[in-house]
Amino acid sequence: MINKTVKNVHEALTGVKDGMTLMLGGFGLCGIPENCISELVKLEVKNLTCISNNAGVDDFGLGLLLQKKQIKKMISSYVGENDEFERQMLSGELEVDLIPQGTLAERCRAAGAGIPAFFTPAGYGTEIAEGKETREYNEKMYVLEEALHADFSFIKAWKGDAAGNLIFKGTARNFNPMMAMAGKITVAEVEELVEVGKLNPNEIHTPGIFVQRIFQGKDYEKRIEQRTVRPKL
Amino acid sequence: MALDKIGIAKRIAQELQDGWYVNLGIGIPTLVANYIPKGINVEFQSENGILGMGPFPFDGEEDADLINAGKQTVTLLDGASIFDSSLSFAMIRGQHVQLTVLGAMEVAENGDIANWKIPGYMVKGMGGAMDLVASAENIIVAMMHTNKKGESKILKKCTLPLTGVQCVKKVVTDLAFLEITKDGFKLLERAPGVSVEEIQKATEGNLIIEGEIPEMVF
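First to last, the protein sequences are chains X and D. For what it's worth, this note's numbering labels the leading residue of the first sequence as 3, then goes sequentially. For what it's worth, this note's numbering labels the leading residue of the second sequence as 30, then goes sequentially.
None of these hints come from the bench; they were simulated from the model. Note that the Cβ used here is the ideal one computed from N, Cα and C, for glycine as well. A portion of the hints provided could be inaccurate.
[Said to hold, decoys possible] Part of the chain D face toward chain X, derived, beta carbon under 7 Å:
| id | residue |
| --- | --- |
| 1 | Asp88 |
| 2 | Asp113 |
| 3 | Tyr150 |
| 4 | Gly154 |
| 5 | Asp160 |
| 6 | Asn176 |
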């Protein structure tokens, strides 16, 4: 067993520098690496390119990095829930690259799978295909999209072990597995770090080979963005 | 009388077929899940990673780790499964999902759709819409026939940046049920009490009217 455990979030983020490209798992506020984001704020690293499906809300998630103006460029599929984001985008302080959600997921997966580029139908005939190679297969048009790599990927899982094996819970899985594959250094924070041998190998979602550092996170807030319920009968 | 949002959702629900996997967009499309015809089984896919999505949870039973693509808390039905974003869009691009229902700002008579960006306004992003419209075999759009100024949103050509080209198959609006054909919008049904003339007046794109146009039946 190769031990990936680090003491804490501080040690986990060793080597993160200004100007780096980071991937952060999560969909909305679900499955985001809360501990790593707090540490990025503390480290005050700047000029970051952040690849994440969304950009958090004003006072949580990636919104915390935006408040401190640590992000130079965001690569996302949907960024609608954040006033500070909107302000920085409209003023030109923040560069934004919007990518179809499935293309974003596949570009991360491709990077981790050794595939430099792939053809997808998403966005053909729209402005996001401008300047990109297109090709026809079986009478349908496709756009060439390239793999997305990151210097660091920050992943949040439910359970993990010292070998870096991960299990996610519910829809907190989302982008985490493919971003784990795409990072030069992948840091996994988990709600519960269990003893090696306790996770059932048949139930592992992300094998430890994709994870370089793992630690047990703490104080998870797990904020709900749109609490929607029905009354009890 | 023109349909309200629930009426549009109810009419779309009648198009559901037994055994279909269905992706519902945010807004009116989400309401379709409330009106599944009796006796058929469909499963709802949420592109953030659920098949077999259930209703909203009871108050107090919500789980931060279980949300839909609109970031709302949801539940899972028996037989549900969870997967990552890459696999989710593999289902969509691979045409394993039989029907996509989504909203639109504009639809053109050739099946082009615009629903993600208005120049000059804050652009929030396309989310999964571009993947969905580029891939689905069967796309039904739920929308209002005209904008607040009364201008048609059923057009010869979209004026807004496109989400996808030549992909929409059917449109259900507050006024009509339309099918996209090679010659334009074929009028299939009228909303109850709405005349063909009213629909024609509200439609900028080519409207094909053949014979008696029946009213929607609920």
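Status of the hints after comparison with the structure:
no. : hint   : verdict
1   : Asp88  : holds, 4 Å
2   : Asp113 : holds, 5 Å
3   : Tyr150 : violated, 10 Å
4   : Gly154 : holds, 4 Å
5   : Asp160 : holds, 3 Å
6   : Asn176 : violated, 20 Å
The structure fails to meet hints 3, 6 from the earlier list, while all remaining hints are met.
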